[in-house]
Amino acid sequence: MDPGVKCGIVVFPGSNCDHDVYHVLGHVLEQETLFLWHQKTSLEGCELIVLPGGFSYGDYLRAGSMAAHSPIMAAVRRHAEAGGRVLGICNGFQMLLEAGLLPGAMRRNRDLRFLSVDVHLRVERDDLVYCSGYRRGEVLRMPIAHAEGNYVDTDEALDDLERSGQVVFRYVDSEGNLASGANLNGSKRSIAGVCSAEGNVLGLMPHPERCAEDLLGNGDGLALLAGAVQAGGGAELTAAVGG
Amino acid sequence: MTPDAKPFVARVLVYPRAEVLDPQGRAIEGALERIGFDGVQRIRAGKSFEVALRAASSTEASEAVDRMCRQLLANPIVEDYSVEWIRA
Numbered sequence: 001m002d003p004g005v006k007c008g009i010v011v012f013p014g015s016n017c018d019h020d021v022y023h024v025l026g027h028v029l030e031q032e033t034l035f036l037w038h039q040k041t042s043l044e045g046c047e048l049i050v051l052p053g054g055f056s057y058g059d060y061l062r063a064g065s066m067a068a069h070s071p072i073m074a075a076v077r078r079h080a081e082a083g084g085r086v087l088g089i090c091n092g093f094q095m096l097l098e099a100g101l102l103p104g105a106m107r108r109n110r111d112l113r114f115l116s117v118d119v120h121l122r123v124e125r126d127d128l129v130y131c132s133g134y135r136r137g138e139v140l141r142m143p144i145a146h147a148e149g150n151y152v153d154t155d156e157a158l159d160d161l162e163r164s165g166q167v168v169f170r171y172v173d174s175e176g177n178l179a180s181g182a183n184l185n186g187s188k189r190s191i192a193g194v195c196s197a198e199g200n201v202l203g204l205m206p207h208p209e210r211c212a213e214d215l216l217g218n219g220d221g222l223a224l225l226a227g228a229v230q231a232g233g234g235a236e237l238t239a240a241v242g243g
Numbered sequence: 001m002t003p004d005a006k007p008f009v010a011r012v013l014v015y016p017r018a019e020v021l022d023p024q025g026r027a028i029e030g031a032l033e034r035i036g037f038d039g040v041q042r043i044r045a046g047k048s049f050e051v052a053l054r055a056a057s058s059t060e061a062s063e064a065v066d067r068m069c070r071q072l073l074a075n076p077i078v079e080d081y082s083v084e085w086i087r088a
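Which chain is which? The protein sequence lines are A and B, in order. Quick note: the first sequence uses my numbering, first residue 1, plus one each step. Quick note: the second sequence uses my numbering, first residue 1, plus one each step.
Hints are computed from structural coordinates only; laboratory data are not their basis. Please note that the accuracy of each hint is not assured.
As the list claims (entries may be wrong) - Covered stretches of chain B, as calculated for chain A (at least 3 residues, CB under 8 Å): (1) 11-21; (2) 74-87.
Stated by the list, open to error - Residues of chain A clear of chain B, computed beta-carbon distances all greater than 12 Å: (3) ALA105; (4) SER132; (5) GLU198.
Quick reminder that beta carbons are idealized off the backbone N, C-alpha and C, glycines included.
Sequences are here, hints too, so could you generate the full structure?
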């Protein structure tokens, strides 16, 4: 039995996917999991930090911009810089961008609508812990639910991102092909998820925690969270303890 | 802060950068056209902030507002900002 890792889910005012992530990590994957209130300054020894979805601070100013300056984010930054695992989902991804822990930024969706729909994603990396349960090129189905998921950066920055292999998920059609009709929010280069240069920080707009049980009709997201709680799985983990 | 700090008021304007798609601006452009305003070339939808602060000098005030813009009020990847002084 995989001993797993201690998981901490950061709760911000306005987080609303925190309990969904808790359910998957704590109940489905049976990991030691706790909530970390955003006012805390310690990660309490958690090795995987999840920034969950929701509308932190009402998405005032820009989505994720206030949360990026919450007291706990200094500890999250140290954890990430020491190689610890940080997973940002939806609003959590927006926070990682605003905090500068991942490159790029978000704009309003191309058609200005809040999108709540299942999309198809292509896995672009399978050498990250998060993707160890997937094959490169595999097509997943996951729900999205956001108004600001239109990923942008300068062309040069995007070229760098591609060159360094930091694009982890792209929006595709059900066959795995790039198509503007499959890229509903208008993200540059159909980017749905990116990782840090070292691969220990991952952010994505789709919600793996909402599709992690076959009983609920879709289990495609479970492998991502199962990968995230794998013990060992790279040098990044040993440096992270106590962050 | 020095005891002789003086009050300043800045107006910060934040706009999407020219090369970044501005879906809100585009939607407003379309709406203006539909209600009969011909000749509208472009709309950029931005935000404005009024920042009242106390600082020892105008240089200090201006540096403080600049830091606020870079750290929080604007996201330099997608937005440009400018500062006007209402009370300098």
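Here is how each hint holds up against the structure:
Using a Cβ-Cβ cut-off of 8 Å, 4 residues of the stretch 11-21 of chain B lie near chain A, which meets the minimum of three, so the contact claim holds. Counting residues of the stretch 74-87 of chain B whose C-beta sits closer than 8 Å to any C-beta of chain A gives 3, which meets the bar of three, so the coverage hint holds. The non-interface label for ALA105 (chain A) is inconsistent with chain B: the shortest C-beta to C-beta separation is roughly 4 Å, within 12 Å. Every C-beta of chain B lies more than 12 Å from that of SER132 (chain A), the closest at about 31 Å, which supports listing it as non-interface.
With a cut of 12 Å on Cβ distances, GLU198 (chain A) stays outside the contact zone with chain B, its closest approach being about 21 Å.
Violated hint: 3 only; the structure is consistent with all others.
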